[in-house]
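Chains as they are written, first to last, in numbering that gives the first Met the number 0: chain A, 0 to 150; chain D, 0 to 150; chain Y, 0 to 150; chain G, 0 to 150.
A couple of the hints might just be wrong.
It does not matter which identical chain is meant; a pair holds if it fits inside one copy or across any two.
Within a straight-line C-alpha distance of at most 27 Å, the following computed BS3-like cross-link-like pairs (lysine-lysine) qualify [stated by the list, open to error]:
id: 1; residue 1: 128; residue 2: 6
id: 2; residue 1: 6; residue 2: 109
id: 3; residue 1: 45; residue 2: 128
id: 4; residue 1: 6; residue 2: 20
id: 5; residue 1: 6; residue 2: 45
id: 6; residue 1: 45; residue 2: 20
id: 7; residue 1: 45; residue 2: 109
id: 8; residue 1: 109; residue 2: 128
Think of the hints as simulated: they come from the structure by calculation, not from any bench. Predicted, not measured: the structure shown is a model, and the values here were computed from it.
There are 4 protein chains.
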Amino acid sequence: MTGFTPKDPDFHARVSADFAKQALMRTIGARLALVEAGRCEISMNKRDDLCQQHGFVHAGITTTLADTAAGYAALSLMPPGAEVLSTEFKINLMNPAAGQSFTARAEVLKPGRTLTVVRSDVWADNDGKRTLIASMLATMICLAGNQSARQ
Amino acid sequence: MTGFTPKDPDFHARVSADFAKQALMRTIGARLALVEAGRCEISMNKRDDLCQQHGFVHAGITTTLADTAAGYAALSLMPPGAEVLSTEFKINLMNPAAGQSFTARAEVLKPGRTLTVVRSDVWADNDGKRTLIASMLATMICLAGNQSARQ
Amino acid sequence: MTGFTPKDPDFHARVSADFAKQALMRTIGARLALVEAGRCEISMNKRDDLCQQHGFVHAGITTTLADTAAGYAALSLMPPGAEVLSTEFKINLMNPAAGQSFTARAEVLKPGRTLTVVRSDVWADNDGKRTLIASMLATMICLAGNQSARQ
Amino acid sequence: MTGFTPKDPDFHARVSADFAKQALMRTIGARLALVEAGRCEISMNKRDDLCQQHGFVHAGITTTLADTAAGYAALSLMPPGAEVLSTEFKINLMNPAAGQSFTARAEVLKPGRTLTVVRSDVWADNDGKRTLIASMLATMICLAGNQSARQ
Chain A
0 MTGFTPKDPD FHARVSADFA KQALMRTIGA RLALVEAGRC EISMNKRDDL
50 CQQHGFVHAG ITTTLADTAA GYAALSLMPP GAEVLSTEFK INLMNPAAGQ
100 SFTARAEVLK PGRTLTVVRS DVWADNDGKR TLIASMLATM ICLAGNQSAR
150 Q
Chain D
0 MTGFTPKDPD FHARVSADFA KQALMRTIGA RLALVEAGRC EISMNKRDDL
50 CQQHGFVHAG ITTTLADTAA GYAALSLMPP GAEVLSTEFK INLMNPAAGQ
100 SFTARAEVLK PGRTLTVVRS DVWADNDGKR TLIASMLATM ICLAGNQSAR
150 Q
Chain Y
0 MTGFTPKDPD FHARVSADFA KQALMRTIGA RLALVEAGRC EISMNKRDDL
50 CQQHGFVHAG ITTTLADTAA GYAALSLMPP GAEVLSTEFK INLMNPAAGQ
100 SFTARAEVLK PGRTLTVVRS DVWADNDGKR TLIASMLATM ICLAGNQSAR
150 Q
Chain G
0 MTGFTPKDPD FHARVSADFA KQALMRTIGA RLALVEAGRC EISMNKRDDL
50 CQQHGFVHAG ITTTLADTAA GYAALSLMPP GAEVLSTEFK INLMNPAAGQ
100 SFTARAEVLK PGRTLTVVRS DVWADNDGKR TLIASMLATM ICLAGNQSAR
150 Q
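All chains should be modelled from the sequences, with the hints used to inform the complete structure.
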């Protein structure tokens with residue numbers, strides 16, 4: 000547990016419903032593996048059609064997992080009706096994305112009324128061995144229900 | 000033109016061949032639109048299965064385009080036999096990824112024997128209007144042909 | 000010119016007054032070299048007491064110049080009474096900070112009611128030759144006059 | 000302990016000697032508070048001449064602490080004779096830099112022959128209360144003793 004108190008007791012259902020609306024998550028076969036207050040995990044199996052030229056999962060897909068987990072870790076702490084958008088992130092790709100499956104684990108560092116800072120790490124599982132392949136630092140913005148665009 | 004002199008006169012063919020090996024590029028329908036010495040453009044049409052919950056293209060896909068263009072802008076200046084890997088990047092998502100098509104334009108800021116710094120911007124085309132939706136700053140690493148892993 | 004229309008016709012005086020209140024700028028001998036709508040330049044001479052172990056200006060000082068220029072480029076487009084704070088930035092250090100003087104040039108990429116995205120490059124001047132030593136991508140936040148804290 | 004095995008048993012002395020050569024560290028009153036294999040802490044007292052316009056320590060100084068700690072965390076794992084340079088970093092400024100003193104704590108995430116990825120957090124101490132004010136993700140490069148310039 001991160002020690003954060005959610006503003007919306009139904010945060011789990013809200014995050015799950017939002018995740019289900021993301022077409023890209025179905026396209027890449029990602030699943031919501033864990034949702035807690037200020038924390039989220041998203042997992043995905045390796046698929047050849049998501050790889051780059053060396054046969055590893057493409058950095059853009061690793062980033063997609065990390066970013067999506069970061070967004071939902073942030074959303075879990077936002078009030079009812081709020082929506083979340085990524086404003087920016089930075090990711091270091093530390094090891095090749097080689098493995099049978101991948102999990103992004105995101106954790107809120109600082110929740111805020113407008114901006115939430117999140118750390119999100121991606122792990123590869125390869126024959127029972129877990130390797131850290133990437134680490135992200137992201138800023139998420141909270142949009143009230145009636146705002147339709149960024150900022 | 001960026002004013003850089005390529006170390007490999009066949010850089011265009013090398014980048015094209017490498018791009019063709021990236022399964023993810025076919026999966027998302029991306030095409031190599033331009034390759035020059037130190038510069039690369041990659042384009043993609045909007046597809047609903049690449050969108051997030053608000054119907055915009057997912058930040059992870061915008062990032063995939065920007066990262067891939069950045070990697071090939073860097074590779075165009077590397078010597079024959081070299082391979083390129085992303086070590087890290089940061090991206091600011093400035094406007095919603097709304098449009099009929101998207102183009103990432105990458106340009107090398109600083110080529111180096113080991114590390115190459117690249118700027119990569121992503122534009123949305125929407126009914127003839129072009130909008131800057133994201134800007135990336137990336138570090139690419141050059142691997143000699145006989146190195147199999149990052150670093 | 001960046002093509003942005005300032006919301007405050009007195010932006011130049013406002014930026015200058017704010018700069019004058021920054022004790023650190025005096026400490027490192029930085030001067031405000033240019034302020035336009037959406038653009039700012041800050042310069043500094045080399046000083047040995049600002050260097051790192053190899054005799055180059057420390058990356059933290061290069062960053063200080065880039066960040067400060069970015070903040071004022073953003074502030075120049077904000078309404079009267081607004082204050083600016085850095086929420087995050089990323090910088091690539093591309094060449095050693097060697098030279099007689101250094102100039103950070105910042106330009107707004109995307110102004111927003113809450114967040115403004117700014118690019119800021121740092122150049123070294125060495126015997127009449129100008130070298131790009133660093134490039135930053137930053138997010139600035141606009142605080143209305145009555146907000147006292149970040150977010 | 001981070002679980003890393005140093006390649007140089009004298010890493011502590013080497014880091015201390017290197018730190019002592021950094022003029023900027025004396026200028027801002029920073030001190031090396033801890034050096035372990037893959038970990039480093041640097042502390043500094045608040046000083047008015049290091050502040051920005053709102054009376055908080057300037058983001059550039061917070062960054063200087065975080066970057067320097069990150070560099071020495073990386074250097075502690077490098078072989079004898081190696082030197083370290085920052086290639087890039089990104090920092091999120093989460094809370095105002097208010098307090099009597101500040102400490103950056105850096106920890107290596109991934110050591111490498113060429114590149115080392117480091118996380119570095121900065122804490123403010125204010126009347127016995129410790130607050131996380133910034134988090135950095137940085138890439139450090141190892142230069143062998145005979146290389147004089149970046150890359």
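Hint check results:
Taking the shortest alpha-carbon separations for residue 128 and residue 6, only the inter-copy value of 25 Å comes in at or below 27 Å, while the best intra-copy value is 37 Å. Within a single copy, residue 6 and residue 109 get their C-alpha atoms as close as 15 Å, which meets the 27 Å cut-off; across copies the closest is 31 Å, which misses it. When the C-alpha separation of residue 45 and residue 128 is checked against a cutoff of 27 Å, the pair qualifies only within one copy, where the shortest distance is 15 Å, while the shortest distance between copies is 37 Å. In this assembly of identical chains, the alpha carbons of residue 6 and residue 20 lie at most 27 Å apart only when taken from the same copy (22 Å versus 38 Å across copies).
In this homomeric assembly, residue 6 and residue 45 never come within 27 Å of each other (Cα to Cα): the closest approach is 35 Å inside a single copy and 35 Å across copies. Taking CA atoms no more than 27 Å apart as the test, residue 45 paired with residue 20 passes in both settings, with 22 Å inside one copy and 17 Å between copies. Taking identical chains as interchangeable, the C-alpha atoms of residue 45 and residue 109 lie at most 27 Å apart only when they sit on different chains, with a minimum of 23 Å there against 32 Å within one chain. Only between protomers do residue 109 and residue 128 lie at most 27 Å apart by alpha-carbon distance; the minimum there is 17 Å, versus 31 Å within a single protomer.
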